[in-house]
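Participant: Read off the chains here:
There are 2 protein chains.
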Amino acid sequence: MRIERVKGELKSLRRSVEMIDPSVQSSVKEILSDVKQRGDEAVSQYTKTFDGADLSSFFVTEEEKQAAYEHVNKDVLRAIRQAAENIREYHARQLEQTWMMTKDDGTILGQKITPLDSVGVYVPGGTAVYPSTILMNVIPAQVAKVERIVMVSPPNAEGKLHPAVLVTAHELGVKDIYKAGGAQAVAALAYGTKTLEPVDKIVGPGNVFVAAAKREVFGHVDIDMIAGPSEIVVLCDDSANPSYVAADLLSQAEHDERASAIAVTTSNALAENIRDEVERQLQQLPREAIARRSIESYGAVYVAETLAEAVEVVNQLAPEHLEVMTKDPYLLLGKIKHAGAIFLGEYSAESVGDYFAGTNHVLPTNGTARFSSPLNVSDFTKKSSIISYSKQALDQNGPLIASFAREEGLEAHARAVEIRTKEGEV
Amino acid sequence: MRIERVKGELKSLRRSVEMIDPSVQSSVKEILSDVKQRGDEAVSQYTKTFDGADLSSFFVTEEEKQAAYEHVNKDVLRAIRQAAENIREYHARQLEQTWMMTKDDGTILGQKITPLDSVGVYVPGGTAVYPSTILMNVIPAQVAKVERIVMVSPPNAEGKLHPAVLVTAHELGVKDIYKAGGAQAVAALAYGTKTLEPVDKIVGPGNVFVAAAKREVFGHVDIDMIAGPSEIVVLCDDSANPSYVAADLLSQAEHDERASAIAVTTSNALAENIRDEVERQLQQLPREAIARRSIESYGAVYVAETLAEAVEVVNQLAPEHLEVMTKDPYLLLGKIKHAGAIFLGEYSAESVGDYFAGTNHVLPTNGTARFSSPLNVSDFTKKSSIISYSKQALDQNGPLIASFAREEGLEAHARAVEIRTKEGEV
Chain A
1 MRIERVKGEL
11 KSLRRSVEMI
21 DPSVQSSVKE
31 ILSDVKQRGD
41 EAVSQYTKTF
51 DGADLSSFFV
61 TEEEKQAAYE
71 HVNKDVLRAI
81 RQAAENIREY
91 HARQLEQTWM
101 MTKDDGTILG
111 QKITPLDSVG
121 VYVPGGTAVY
131 PSTILMNVIP
141 AQVAKVERIV
151 MVSPPNAEGK
161 LHPAVLVTAH
171 ELGVKDIYKA
181 GGAQAVAALA
191 YGTKTLEPVD
201 KIVGPGNVFV
211 AAAKREVFGH
221 VDIDMIAGPS
231 EIVVLCDDSA
241 NPSYVAADLL
251 SQAEHDERAS
261 AIAVTTSNAL
271 AENIRDEVER
281 QLQQLPREAI
291 ARRSIESYGA
301 VYVAETLAEA
311 VEVVNQLAPE
321 HLEVMTKDPY
331 LLLGKIKHAG
341 AIFLGEYSAE
351 SVGDYFAGTN
361 HVLPTNGTAR
371 FSSPLNVSDF
381 TKKSSIISYS
391 KQALDQNGPL
401 IASFAREEGL
411 EAHARAVEIR
421 TKEGEV
Chain B
1 MRIERVKGEL
11 KSLRRSVEMI
21 DPSVQSSVKE
31 ILSDVKQRGD
41 EAVSQYTKTF
51 DGADLSSFFV
61 TEEEKQAAYE
71 HVNKDVLRAI
81 RQAAENIREY
91 HARQLEQTWM
101 MTKDDGTILG
111 QKITPLDSVG
121 VYVPGGTAVY
131 PSTILMNVIP
141 AQVAKVERIV
151 MVSPPNAEGK
161 LHPAVLVTAH
171 ELGVKDIYKA
181 GGAQAVAALA
191 YGTKTLEPVD
201 KIVGPGNVFV
211 AAAKREVFGH
221 VDIDMIAGPS
231 EIVVLCDDSA
241 NPSYVAADLL
251 SQAEHDERAS
261 AIAVTTSNAL
271 AENIRDEVER
281 QLQQLPREAI
291 ARRSIESYGA
301 VYVAETLAEA
311 VEVVNQLAPE
321 HLEVMTKDPY
331 LLLGKIKHAG
341 AIFLGEYSAE
351 SVGDYFAGTN
361 HVLPTNGTAR
371 FSSPLNVSDF
381 TKKSSIISYS
391 KQALDQNGPL
401 IASFAREEGL
411 EAHARAVEIR
421 TKEGEV
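So the sequence lines, in the order shown, correspond to chains A and B.
The first sequence begins at 1 in the working numbering and counts up one residue at a time.
The second sequence begins at 1 in the working numbering and counts up one residue at a time.
None of these hints come from the bench; they were simulated from the model.
Heads up, the beta-carbon is just placed ideally off N, CA and C, and yes, glycines get one too.
In silico DSS-like links for lysine-lysine, alpha-carbon gap of 30 Å or less:
id, chain 1, residue 1, chain 2, residue 2
1, A, 29, A, 160
2, A, 145, B, 335
3, B, 391, A, 327
4, B, 160, B, 29
5, A, 175, B, 337
Some residues of chain A that are not near chain B, with every Cβ distance over 10 Å (derived):
id, residue
6, 2
7, 4
8, 21
9, 49
10, 63
11, 64
12, 157
13, 159
14, 170
15, 173
16, 194
17, 208
18, 229
19, 237
20, 258
21, 311
Here chain B is said to cover these stretches of chain A; the calculated rule only asks that three of the stretch's residues, wherever they fall, bring their Cβ under 8 Å from a Cβ of chain B:
id, stretch
22, 105-111
23, 283-295
24, 352-362
25, 371-383
Construct all of the structure, not just a fragment, from the sequences and the given hints.
Facilitator: As structure tokens, this is what we get:
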């Protein structure tokens, strides 16, 4: 792991956004238009081709869900249940309220909060199974009171989904689980098929085909952010324990070769200890190969002159996950402008937030924490403005409104006011 | 204007999303990459080609702003000032607060609200000048406490911007106004040039080139929604005044030939009166030709059997603007699920919200009110999750977190917890 002194233009530290491969884009477009036209039939065909599954029915049955419980460890089930409770408790605080304001002249203005009607949650299939993803995507939608939540996930060659996926969905009360993955599942959610009603928003992670398909259908339906590779930055001074720092860097690096794990510190000695600890712990990891490639390609320890400079580095990186292991982490909270999730203190390992604490693990990647937020309840509601004017309010303000409209050359706008007021001559 | 009885599949009423012309897309891509590489030089060149202006400097001077006041009518200035005050007052209510929750075991979880660092506001040039657009895009960013707000707008052939644009910007305290438009302005905002620092988010309406450019740079920076043609739906029963309904339909229709103006009513007699009033008022409008084409192509009066059916039509249309002119409009507020702005009662003309009341006029079009919101203060802030665990909390929950991580095959995640707790043996 390289150690580098911070200097010069900090902006160069930012990672650039990756582009979607044009060949992926064109095959995704083909799949989308095929599913739009032929519906379930096209989905069946792609599921056979890509997943090797010949399905007689798209939907998971109640029996399948019940049977799945036999294959899930009791401790894992306890963890899922406790995590779900924590996530629900945290997200309940995010629910916005409809409000109104009134004025003496009879004016009422307001903002109405309404849940989306329907949401589709994409759950990746294959060898890696992430029940936590289901919790993080479904629970905020439930807290928002979305009426219809559909899950889609690609089946294996036997036409089955992983038991942990089924159990998690069942624990949350998700009824409709449609067995399909890839661009074909995104198309089915966006356009609908004979068996699947379309949804208004699609969330959840997926491979490049899923990401490209979501980008294509955006506008027709809403989507969540397109997730890039995962990132962690650990901001630490000489009070930090290098083994903890190293362990957390590696918990990020084991995700993906393209994951990025960076420590920023004011201490040369700590920097060296972190590097040594990373190497020591790396050798003991089952996913050593992946983690090592990530550390070699995107890992670094940056040494800053001052804590202020270190914070500036963090803000430039705008990391998905930020851990602060300094003497008084709360002192820095106000200075941290850009980070998806901020973990404060030495016991706040990133895993705590990934699985359990209650905050969402769907976070802005690739520096988009500069302008994006963690997945949250407001992503599953929308606002409507409310305007209610009295005759008194319109009489009083009508002339100003009309002159503003005429300045913009919109006569009918002016007349719509004047027809209702004493000025009206139309 | 056609009158139609509501029947059958209501979904067919929805308008479909328009696609961007591929030739526009490819020339936009070229402009973007050219500006990314050559910066100001490329912007200058495109400004000469497209706007006919040969600029010596990109930025509007203080003198230009001051001189502009001579060309703006006093009533208009009063209207701009009062509208700005109303907009600021309404949007102040939208500002979210950072919050925290604590638990007995020492856990602290929270959500931090941080303004974006910088925002670019696109203001269209040409013959139609919309000072109201500046108010609606700049004020929410100011309320959010965005530090740097840059305006861009294409100059005329003399290298000048419209006085009303300059005055409005000056009234709001916008300092940096960069004279450029089209895709080249979007590129300059997204990538930066020698004279213009890049921004984190680009908002504001524009022609197809601007829309296509915003779509392309999305991900690298954030953007607001891509606006489609404007829409109004007036929901009315036999208590409604047909002249008011007609006037409001026309205030929408005069915007654009592709604008859509629809009345939904339970009364046959009212439907006919609205049609006749539309024709009568149409003949007196300066923008009659545009409004007539809009009414002929996209205008309609739908007659529903019941108010409940009429509301269902509204929810299917998910209009940008909805006016409710019924005996008791508040009775219907809870039933209205999808609308960008809801105008209640006969004195709440759409113009009131377009210019003056305080709500935002940047609203979701083309049925996207199903999942999108009016432009608001939260569009200029982002959230960061806060997680702070105590040793006690980690000791107690560590085993569950570790077992969850192992279920997902992520050993390093489990170890990052165990290294800190009594379970730790690494």
